[in-house]
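S.K.: Chains C, H and E: place on chain L using the hints.
Protein chains in written order, with the working numbering: chain L, 132 to 603; chain C, 132 to 603; chain H, 132 to 603; chain E, 132 to 603.
The set of hints was computed from the structure by calculation and includes no laboratory data.
Take the hints with a grain of salt, since some may be wrong.
Stated by the list, open to error - Example chain E residues on the side facing chain H (calculated, C-beta under 7 angstroms, incomplete):
| # | residue |
| --- | --- |
| 1 | 165 |
| 2 | 168 |
| 3 | 390 |
| 4 | 397 |
| 5 | 399 |
| 6 | 444 |
| 7 | 447 |
| 8 | 475 |
| 9 | 588 |
Stated by the list, open to error - Dumping the calculated BS3-like pairs for lysine-lysine here, alpha-carbon to alpha-carbon at most 25 angstroms:
| # | chain 1 | residue 1 | chain 2 | residue 2 |
| --- | --- | --- | --- | --- |
| 10 | C | 282 | C | 200 |
| 11 | C | 200 | L | 224 |
| 12 | H | 282 | C | 282 |
| 13 | C | 200 | C | 261 |
| 14 | H | 261 | C | 261 |
| 15 | E | 187 | L | 224 |
Computed from a prediction, not measured in an experiment: that's the story for all the values here.
Virtual Cβ for every residue (Gly too), placed ideally from N, Cα, C.
Protein chains: 4
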Amino acid sequence: MLDRMIWDKLNEECGVFGIYDHGEAAPLTYLGLHALQHRGQESAGMCSSDGEKWYKHRGMGLVSEAFGKADMAKFRGHIAIGHTRYTTAGSSKIENAQPLFFRYAHGSMAVAHNGNLVNASVIRRDLEEKGSIFQTTSDTEVIAHLIARSKSKDLPSAVKEALQQIKGAYALLVMNERQLVIALDPNGLRPLSLGRLGDAVCVASETCAFDIIGAEYWREVEPGELIVIDEEGVTSSKFTKKAERSICTFEYIYFARPDSDIDGINVHMARKRLGKQLALEAPVQADVVTGVPDSSISAAIGFAEATSIPYELGLVKNRYVGRTFIQPTQELRERGVHLKLSAVRKVVEGKRVVMIDDSIVRGTTSGRIVGMLREAGAAEVHVRISSPPVMNPCFYGIDTSTREELIAATKSVEEIRQLIGADSLSFLSVEGMLEAIGRSDKTASRGHCLACFNGQYPTEIQFEGALPAEKC
Amino acid sequence: MLDRMIWDKLNEECGVFGIYDHGEAAPLTYLGLHALQHRGQESAGMCSSDGEKWYKHRGMGLVSEAFGKADMAKFRGHIAIGHTRYTTAGSSKIENAQPLFFRYAHGSMAVAHNGNLVNASVIRRDLEEKGSIFQTTSDTEVIAHLIARSKSKDLPSAVKEALQQIKGAYALLVMNERQLVIALDPNGLRPLSLGRLGDAVCVASETCAFDIIGAEYWREVEPGELIVIDEEGVTSSKFTKKAERSICTFEYIYFARPDSDIDGINVHMARKRLGKQLALEAPVQADVVTGVPDSSISAAIGFAEATSIPYELGLVKNRYVGRTFIQPTQELRERGVHLKLSAVRKVVEGKRVVMIDDSIVRGTTSGRIVGMLREAGAAEVHVRISSPPVMNPCFYGIDTSTREELIAATKSVEEIRQLIGADSLSFLSVEGMLEAIGRSDKTASRGHCLACFNGQYPTEIQFEGALPAEKC
Amino acid sequence: MLDRMIWDKLNEECGVFGIYDHGEAAPLTYLGLHALQHRGQESAGMCSSDGEKWYKHRGMGLVSEAFGKADMAKFRGHIAIGHTRYTTAGSSKIENAQPLFFRYAHGSMAVAHNGNLVNASVIRRDLEEKGSIFQTTSDTEVIAHLIARSKSKDLPSAVKEALQQIKGAYALLVMNERQLVIALDPNGLRPLSLGRLGDAVCVASETCAFDIIGAEYWREVEPGELIVIDEEGVTSSKFTKKAERSICTFEYIYFARPDSDIDGINVHMARKRLGKQLALEAPVQADVVTGVPDSSISAAIGFAEATSIPYELGLVKNRYVGRTFIQPTQELRERGVHLKLSAVRKVVEGKRVVMIDDSIVRGTTSGRIVGMLREAGAAEVHVRISSPPVMNPCFYGIDTSTREELIAATKSVEEIRQLIGADSLSFLSVEGMLEAIGRSDKTASRGHCLACFNGQYPTEIQFEGALPAEKC
Amino acid sequence: MLDRMIWDKLNEECGVFGIYDHGEAAPLTYLGLHALQHRGQESAGMCSSDGEKWYKHRGMGLVSEAFGKADMAKFRGHIAIGHTRYTTAGSSKIENAQPLFFRYAHGSMAVAHNGNLVNASVIRRDLEEKGSIFQTTSDTEVIAHLIARSKSKDLPSAVKEALQQIKGAYALLVMNERQLVIALDPNGLRPLSLGRLGDAVCVASETCAFDIIGAEYWREVEPGELIVIDEEGVTSSKFTKKAERSICTFEYIYFARPDSDIDGINVHMARKRLGKQLALEAPVQADVVTGVPDSSISAAIGFAEATSIPYELGLVKNRYVGRTFIQPTQELRERGVHLKLSAVRKVVEGKRVVMIDDSIVRGTTSGRIVGMLREAGAAEVHVRISSPPVMNPCFYGIDTSTREELIAATKSVEEIRQLIGADSLSFLSVEGMLEAIGRSDKTASRGHCLACFNGQYPTEIQFEGALPAEKC
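So here's chain L without its partners, still in its complex pose (with noise of 0.2 angstroms):
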């Protein structure tokens, strides 16, 4: 399991969707941000037009918290945007709650973003030269900027002035009153799919959106393509020629849902071949195979598969407790009080157990989970993690982090074994994880980032000063 507290300062997840032309647009996005959930818990927002009046909604928690009875009431239109983002300690405010509303000399414009920029603490310095003000620390408040500043007063062409001056990782969805305009980054970098349910075009950074709300997938969006959808249909173009794609490999990894489709693959079926792909690379004798919930499951099933072990529920997660304040007391800690997961002894108990686990950051919460088997009678406790060490930080949702923090980084797999306590430990190769995943793509890293495994960023990298506090 990434460890959550780590990996949120590396990598702010946010979720978007976009639908246009259809008389319940509101409700739908509603619904779409509804599946998106996982991808943000923090805050949620939406924008709707008529053609005519804006109508607009942020709310903090999540989209059931953010959003009230009578907030949803108000929304009309047949074009919306919406947005969640993710929990990350002390940012959580709602200003930074998007879609992110602006009014300009050519008229107002929503706008909702998920990624971060390489360049924006560069662009931003030079913008507030030029008597910018801001009221967020957010990217997509520059890329406001930018589209504002365009001589342009069509929004397509000063969107696409804008993006040629940015860097870094985008899906990117602006609209006014009458135009969905949809980008996204030419390294593809985040997830970003087209449905369509009946007449609507509807668009999200996860295929699962599209199922909530009956419409069916029709195709990704390119790296590098700008997309614009309006009464004279939808119009594609590309803002670049330098566009290829590196889509991102925690999203099959860990991030997204295991009934989304990433660029046209299942993540849970990736996983299970993760699992496999596991099995083959290093297999263990054992009595039973359990996965660290939720991420890991299918992996863990995959494995079981492959090796002919059982599959059995190891590890539960206390899903309700997520949501409260108790925190145990030091003597509650003491005396083994876990509570946002269990170990079930009757499972466990004198058997010789895999532990499969998507990904290792930091190590302490590994370490605490195998503890956990053990204190419940496990005899052999062996570790399989379905992806290689993590290396490198991600500069296309950083914060603050370091390569000290990665465990990885300065570890050997044998150290960091010793250090979480398994029988045995087990990363998966960076080509197995690739063969697993089984994109088509011809290029050298096969269309993905492995940045954060092998150091190779597809970006130049261009910060100023200190790292941006709040990115999405």
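M.R.: Frame of chain L, contents of chains C, H and E only:
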């Protein structure tokens, strides 16, 4: 999947938790209730005492909603009981939240109860004729009145007297400022387990509540057993000679959490065996096995292991939508908007699918899921139910249901198959089910209540006039 | 200004409202409770019936907080009663909110009650010995038990039987699905008036509740009167022969709203006359008259009119701060931060100020206000109290107060003057007070309860053991 | 009583508060906002800084609703500004809550503003053409953009540059991490006072905010004055030579709290003098004087003192109903249900009543109150208005109002009298009003803005296209 709407009428499960002699009795009870949250989302409540004063709070909704930070801060004491109540349409009121608290001639008491009495209305009428007044329609208040009318000053004796008058299903916790009294009905219809956390003793509807607080499982409460925990220690006695376990089989099939042990048997593993048995009894040629989440996943994995047909995530539950107010309009429904469940096209398209479900009550939901799989492209849908047909109402939790609502009471398996639109349909046999669950009791029914399957009710049934409206 | 903290212990006023035979019984009761809000901010509740079904809701806080839009939407029926409860530290619980609702041998009933019984603990012990259980410590539940134990199937007869057993102060509303029963204690200690709205009859603690709904005042409920309103019309009878009005004088002095008529006398005008009488009894040379808001404003205007000293706004209440959580730190307090009341410098600077207050209980608050006026530059502060010294506890609403807490019970007027730091201090005489209020009764005390002033309690007092903790 | 609905369109008052160099800057600002609550119930907000970090919160509703305990707990710092915003139908959004916070080339700033610019739309268009984007429609954001576009790195200089471009009414607070900058428009249209609390300096729209925190009044902010408070101390300068006080007369008549001093004159005493002057100008034979609460009470007392007709509580405001959702149905309305105001029958029945109101805008409300007094039995109703007829719109707070809506703009006093159904009607003269308020300025208008009475606007008016929708 048991159709929840019907089943809500049939059975209103609750969760109870108690602890004695722990300095953090209330926080631990709060965590225990979190673990039992699946047994009741309507309301939650807790009482504690420090030997003199009482601390009480009840609220509507999930545990995390019912208890605010300020509510928790005021709790003190070393003895506590808690309760979570199931959602049933219409009777969602704070008055029905438990534990109920009463003052009577010999002091004060709090009562938490899971189960339904079958002679409550008869006793109630009798008590009212003697001048008693009631503030709720719950069986629990009837029990409290019987306790209060005892001549005995001693709480355990008074409880024992009360129990000798009531019939039906009950897992009962009663506390005063010094004693925790635990009782289970003579048929042991509802589960109730004891645990230990250091010197403290705890009791819970399911063992998953012990895991979350780091307590060890100790033993089951026996049918007809009365346990008193106080300064003297733990005192056990039998309040009836005719005690014989007839535990509700649906706890294994559907209700309990997979990581709980019910009467010593792990629920996940029992469900896997139900799935394996189903594979033996009703094999089928197919490409993928999928389970209706959440309760049928374990059985589906068992079926997959037994048949070597790969287990896949063909159906996904939309976790967060359950807590929203949005209802799809007729138009949306026709376009295929599915709020609670989605079929995963990539997984099922062109495939022969085995769909494992835990039960069929009215059949409506099963039909809808089969339809969703077909819409997503499934070539064939073979439904396998990991329990026998439900043909009789349950009087240990009944509200208003009649035999007509139970599809299996009036239709043959072939008729049901046609109705739900499956390519084939099989139920598990009663014998196969008992074999798979694998309880070791040597009585005829092997310790299970099978009334809903075979009509043999383990207790006499004694209702008077209209059935009572609100139960737990 | 009556020191609220002490007075809260002395007297817990509540407000009651009922209506029969109006299609909007519940909305009108809701408005009536709004008008009676000053008699209770802790909780509010309402029951209504359409002749068959019951509709009920109770909540914490102000009426507007206790009832949400959804709560109100569900109410139906032509008969309703409501209740607002006063805030008292510690006993702020939903269980204590009224109306209380009960089921008993002859049906269901709801009860709302303002006042305190003086033999509740004796009756309660007796009932508990007969097997009754209680869910609250309120006198109201005692009354309900007595009603339920009557052999009479007829609600009015059962109520009459119950009333013959209780002693103390009560303005009581009881309803079932068809009848509204109204009763006032034999001394008429609490106010209770009847009104008419078209064909409907309504009843309220104060007439201001009639004004808000546009009802006309009809008449007072008489001491010892039992009124039944049902399909037969309005039936009045006496449940005791020894009935004689002894209305609580503090209703005029402090509790009631100035626009209410208590027993036919307008409260604002009575207070103005109290102020005028005070000017006659204790005149003073001064520049401005100011009243401690809100309850002393009318008396201050009367004093000003009688003396021709101009009335000015020398003290202002900070209306909104009452509902905040901020408490000034010690440092802030020393710097003179006054949360609830401010003195207005421009008005009092260099002036001889007459400060009119309605009463002095412990004296602490009065001393603080005198200090504020001096800090704001008042040259002299002459305190005039528009009631006599409070020397005895009130048993018609008492909790725990003792004679020691009443400053006038142990100190002379001169000692109190020194303690509060006034240049002069005068109280109104008992005779002057009675003259000013001007009730026409020709009995010795002229129909008032003067117990807190002269120790002559209109009823026998019968407590057993500790005083009950929660009353209304 | 100024008809609130119309006046809401005419004028949107707000309240501002700031403090520098106090360890409890935020709690004190919170209390200051409570005192200014009557100037805005729509939203409240606050920013503070400890010299490095920012602490910010804004919320909807009353101060006590907008700030929870947790919100307050996080505030730190010695410098803070706060804002309360008035309720106007339709524009009730969190985005409009102030202070607004901005980041720009030279750092960060927060801005709180009371008043309306008359050239905002012109500046805004110009800024947008240069590429600026706006997130609100508020004038405040326009001011912030002007500050940000200054070449000056120094906040006070940048503010000064901005002020030289804007026209209209503004009481402005701007802060960064180290400086509190205060400015008042050259006509001093809005009130703004300075206070001292120990070593700390505070600033507020009204002096009642000083009283609540125990601060001493220091002096008024002068028209056209720019005050900088930082480590260097308090630095005052003038940003324009053409400064001359024209304070809004309605602050005295209606808006301000009676215990505030506006430009050194106590509001309650000014209102009493308005009432006395009215008695001189328009005496009448009558039995009682009553004021329309709350704003006309002081004038009514003045009228009563001058005429020796007793002041009585003939009209009472239903305090709590303002915050409820219940609207009387047509049927209830016809039966005379009055939610906000009641006439007190005992006080007015058979009497000749003088009804004092502060102003008449559309006349609808005045007519309704006269009707209520007659229904309650008043023999005659003589309406006396403590201000002159309002004949011109206010452009220092205007939204959409036109001259047609102002009844006095198109009808004679006699026509208005007939319309509202009074026996007689008189307004105060402009001269009498100025005499009564008694400001000492020797300019023609004696320092008042009288535009709404006489059409002489103290500034040029410069609107472009549609009037902006949301102001403060």
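S.K.: All the hints need checking, so say for each whether the structure fits it.
M.R.: Hint-by-hint comparison with the structure:
1. For residue 165(E), the interface hint holds, the least distance from its beta-carbon to any beta-carbon of chain H being 5 angstroms, beneath 7 angstroms.
2. Satisfaction of the interface hint for residue 168(E) is found here, the shortest Cβ-Cβ separation to chain H being roughly 4 angstroms, below the 7 angstroms cut-off.
3. Proximity of residue 390(E) to chain H holds as hinted, the smallest CB-CB distance being about 4 angstroms (cut-off 7 angstroms).
4. Restraint check, residue 397(E) versus chain H: the minimum CB separation of about 4 angstroms is within 7 angstroms; hint holds.
5. Given hint, residue 399(E) at the interface with chain H, holds; its Cβ is 4 angstroms from that chain's nearest Cβ, closer than 7 angstroms.
6. Taking 7 angstroms as the C-beta cut-off, the interface hint given for residue 444(E) holds, the closest approach to chain H being about 4 angstroms.
7. Interface restraint check for residue 447(E): the shortest CB-CB distance to chain H comes to about 4 angstroms, inside 7 angstroms, so the restraint holds.
8. At a threshold of 7 angstroms, the smallest CB-CB gap from residue 475(E) to chain H is about 4 angstroms, leaving the interface hint in force.
9. Here the hint on residue 588(E) is broken, as its CB sits about 30 angstroms from the closest CB of chain H, past 7 angstroms.
10. Taking the CA atoms of residue 282(C) and residue 200(C), the gap is about 41 angstroms. The hint is violated against a cut of 25 angstroms.
11. For the hint pairing residue 200(C) with residue 224(L), the CA-to-CA distance comes to about 21 angstroms; that is within 25 angstroms, so the pair holds.
12. The suggested pairing of residue 282(H) with residue 282(C) holds, with an alpha-carbon distance near 23 angstroms, which does not exceed 25 angstroms.
13. Simply put, residue 200(C) and residue 261(C) have alpha-carbon atoms about 43 angstroms apart, too far for the 25 angstroms limit, and the pair is violated.
14. With a CA separation close to 10 angstroms, the supplied pair residue 261(H) and residue 261(C) stays within the 25 angstroms bound.
15. Distance check on the hinted pair: residue 187(E) and residue 224(L) sit about 9 angstroms apart at the alpha-carbon level, within 25 angstroms; holds.
Checked against the numbered hints given earlier, the structure breaks hints 9, 10, 13 and satisfies all the rest.
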